[in-house]
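Novice: Knowing the structure of chain A, use the given hints to seat chain B on it.
Given next are the chains, with one letter for each unit.
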Amino acid sequence: MENITQQIQAVPLDHYLVLSSLLFVIGVMGVLVRRNAIVIFMSVELMLNAVNLLLAAFSAYRGDPAGQIFVFFIMAVAAAEVAVGLAIIVMIYRNTRSIDVNFLNRLKG
Amino acid sequence: MIQLVWLIPILPLIGFLINGIGRNRLPKSVAGVVGSAAILVSFILSLCIFFELRAGETKSFTIELFSWISAGNLHIPFSFLVDPLSVLMLLIITGVGFLIHVYSIGYMHDDEGFARYFAYLNLFVFFMMLLVLGANYVIMFIGWEGVGLCSYLLIGFWFKKQEYNNAAKKAFIMNRIGDLGFLLGVFLIFNTFGSVSFAEVLPRAAGFVQGDTVLTAITLLLFIGATGKSAQLPLYTWLPDAMAGPTPVSALIHAATMVTAGIYMIARSSAMFVLAPFTMDVIAVIGVATAIFAALIALTQTDIKKVLAYSTVSQLGYMFLGLGVGAFTGSVFHLMTHAFFKALLFLGAGSVIHAMSGEQDMRKMGGLKKALPVTFITMLLATFAISGLPPFSGFFSKDEILAHAYEHSPVLWGLGVVGALLTAFYMFRMIFLTFYGGFRGTHEQQHHLHESPKNMTIPLIVLAVLSVIGGFVNIPHVLGGGESLHHYLAPVFTYASAYIPGLTLDHTTEFVLMGVSMLGVLISIFFAYTKYVKKSEVPAAEGTRLPALQAASYNKFYVDELYDNLFRKPLDALSDFFYKVIDKSGIDGVVNGFGKAVMEGSKNLRLLQTGYTGFYIFAMVIGIILIMVLNFFLM
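As you go down the protein sequences, you meet chains A and B in turn.
Positions 2 to 110 (my numbering) are the ones given, in order, by the first sequence.
Positions 156 to 790 (my numbering) are the ones given, in order, by the second sequence.
Source of the hints: derived by calculation from the structure; they are not laboratory data.
Predicted model, so just to flag it, every value in this text is computed and none were measured.
Among the clues, some could well be false.
One-sided excerpt, in silico: chain A residues whose CB lies under 7 Å from chain B [as the list claims (entries may be wrong)]: (1) Leu33; (2) Ile100; (3) Val102; (4) Asn103; (5) Asn106.
Note that CB positions come from ideal geometry on N, CA and C, so glycine has one too.
Chain A with its partners taken away, still in its complex shape (with noise of 0.2 Å):
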C-alpha cells in the first residue's frame, strides 16, 4: 500500500487532473457528438472512469483511503448500470431495428 502511494505521488498531482479532464471532455464529446448508442455509453463510462482516477488520485496525496472507497463503490454501481443499459440498448434495437439514437424522437415538442 506504502507503495503504490508512493508510486502515484511520483507524478505530480497535475498531470493527474489534466489527464482525467481530458478523458472527462472526451467522454462528454463522445456522448454529445455521436449517435451510435452503445459508443455513447462507452463514453459515458469513460467519464465515470475519469472521474474514478482523479479520485484515486487525490486519495493518495492526502493520504486519505475515503477516495478509494468511493471509487470501488463507482464502480460496482457502475458495472450495474452497464447491465440495465445494455437491457435498454437490446429492446431499442429490437423495437427499431437500429442503435441511433436519432430514431428515438417520439419526444418532439
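Specialist: Same frame as chain A, now just chain B:
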C-alpha cells in the same frame, strides 16, 4: 320587572321564527294569532315596565345582557336602556303595533302570503324595539338597519309586480344614503368620546362648548341619517312610493313607527344637538320646508294612500321643526299623537280600499259615508286630530311645536301655520272626496260595498279614541293642564334643558297664536267644503291638462324626474362607459392579452423540444457549463 325587559323584543322574534318557519304549514288562524299574541304580551310587559318606572325613583336603567364586541379600547355591550323615552316608544310600538296586527288578520285574510306577512311584521317589531331599547348607538344601528330591511321586504311584499319591487329597492337605496351619514356620525362619536353608549357619550358631550365644530359635524351626520329614515328633504321620495306595500304596513312602518326613528334618535342625542346651534337651525329649516313642500304635493294627489303618505312626510317635517327649535318634548308628543291618528287614517284608508275591492283612486269613490259608517266616523275624528282642531290630540302637539317655533323665530311659526292650513285643506279634501257626494265607481263596486269585519273596525275605534284623548297627556299650562308628558320625559332631556329655556311667552300671546292657527284651519276647511261638497268638484281625470301650478303639484314637483336626470342618468351613462370602455376593452383586453401572449410564446418555445436525445444532453451540458461559469464569476 325592568330586568326582564329583554323579554319584550324576544317575543316578536319568537313569533317571527314560528311564522317564518311554519309559513307553508301553519293555518291562517294560527299564524295571525301567534303574530298578534306576541305583540300583545310585549305590550302588557311594556305597560308593567311603564308603571314601575313611573313609580320608582331611578329613571334610567341600563340592562347589560352580554358583552358583544370587545376589541382594543372598543367595548360594546349588548345592553338595553330603559328610561321614559324608550318606554314611551315601546308603548307606541307595541300598542299601535298590536292594533295593526289585529287589523291585518282581517285585511290580509285572502292573501296567500299570510304567514309570511305576519313573520315580517313581527320581525319589524323586533328590530324596532332593538332600535329604541339599545343603550348605545351600535345596537340602535342594528335596529335601524333591521327596520329598513323589514320595510324593504314589506314594500315588496307582493313581489310579483315589478313596480312594487322597484319601490322597495328605491326605499332601500334612499335609506342607505342616510344610513351612511348615521354610520359616519357613530364613527365620529367613537373617535371623539371613545365610547358609543348613551350613558357615557351624552354626559361627556355636555362638557363641550356650544358651537363646537366636532359636535356640529357629528350632529349633521346623524341628521343626514334621520333625513333618510324619516323621509325629509331631500331623501323623502321613497316614502310615497312605499305605499306599494299592504296598507296596514303603511300604517305601522311608514306612518307610526319606523319613520319616526329619526326623531327618536335626535331626541335621544338631544344633549349633543343643543350644543350645535347650526345643526338645530338646519333641522328646523329642513323640517318646515319638508312640511310645506309635502303638503303642497298632497293638495292634488288623487290616490288616497298617496295623500296620506305626503301628509306623513309633512307631519314628520313638523316633528323636525320641533326638534330644531328645541321642543324635544313637543316633537315626541307629536310623534305619539301622529302615531295614533295617522295609523288610524291609514287603517281607515285600508278599510275603504277593502270595501272598494282594491280601488285607491279617490276620483272613483264618493258617498261612502252610508256604506262605511264606522270607517267614516273614525277617519273623520282622525282628520280633526291631524288638522289641529281642539280638543283633539293633534291640536295640543302641533300647538306646542308652533309655540316653540314662534319663540325661536316668528317666520318659522308663520310657515308652520301655512303648513297647518294646507294640511287641513288636503285632509278634508280627502274626506269629502271619499265619503261625500255621489258614488263615482263602477256598478259592481257599488254592489260590493260593505263595512269591514269586526277585527278591522275595532282597531279603528280604539285608535279613534286614542286620537281624540291622546292629547290630554300633555295639556299646556296656558290651558290649565299639568304638562304631564313634559314632566315624564324631563329626565331624558336634563342635559338639553340647560340650553333650551322653557316657553317664556305670556299667555295672551299663546292664546293669540292658537287662535290665529285655529281660525286659519277653520277657513281652509270651509274652503275645502265649498270646493268639494258644495260645488262637488272632482279632480280632473288622468291626461287632462292642468294649470301649471296644479300640474307641478300633481306631478310631485318633478322631484323624481329631477333625481332621475341628476343622479340616475349620469350614473347610467357612467356605468355604460365603464362597461364598454374600461371593462370590455380595458380589463378584458389585459386578461385576454395575457392568454394570447402565453399561447404565442409557447407556440415558439415548443420547437425547443426536438425529440433528439443528443440535443437534450447538449443543452444539459451547456447548462452545467453556464452554471459553473456563473458560479466562478459570481462567487
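Novice: If you take the shortest Cβ to Cβ gap from A/Leu33 to chain B, is it below 7 Å?
Specialist: holds, 5 Å
Novice: Are A/Val102 and chain B close enough, Cβ to Cβ, to be under 7 Å, as the hint says?
Specialist: Constraint on A/Val102 satisfied, holds at 5 Å.
Novice: Can the hint on A/Asn103 be confirmed by a CB-to-CB distance to chain B that is less than 7 Å?
Specialist: holds, 6 Å
Novice: For the restraint on A/Ile100, tell me whether the closest CB of chain B is nearer than 7 Å.
Specialist: violated, 12 Å
Novice: Next item in the hint list is A/Asn106. Is there a CB on chain B closer than 7 Å to its CB?
Specialist: The hint holds - A/Asn106 has a Cβ within 7 Å of chain B, the shortest such distance being about 3 Å.
The structure fails to meet hint 2 from the earlier list, while all remaining hints are met.
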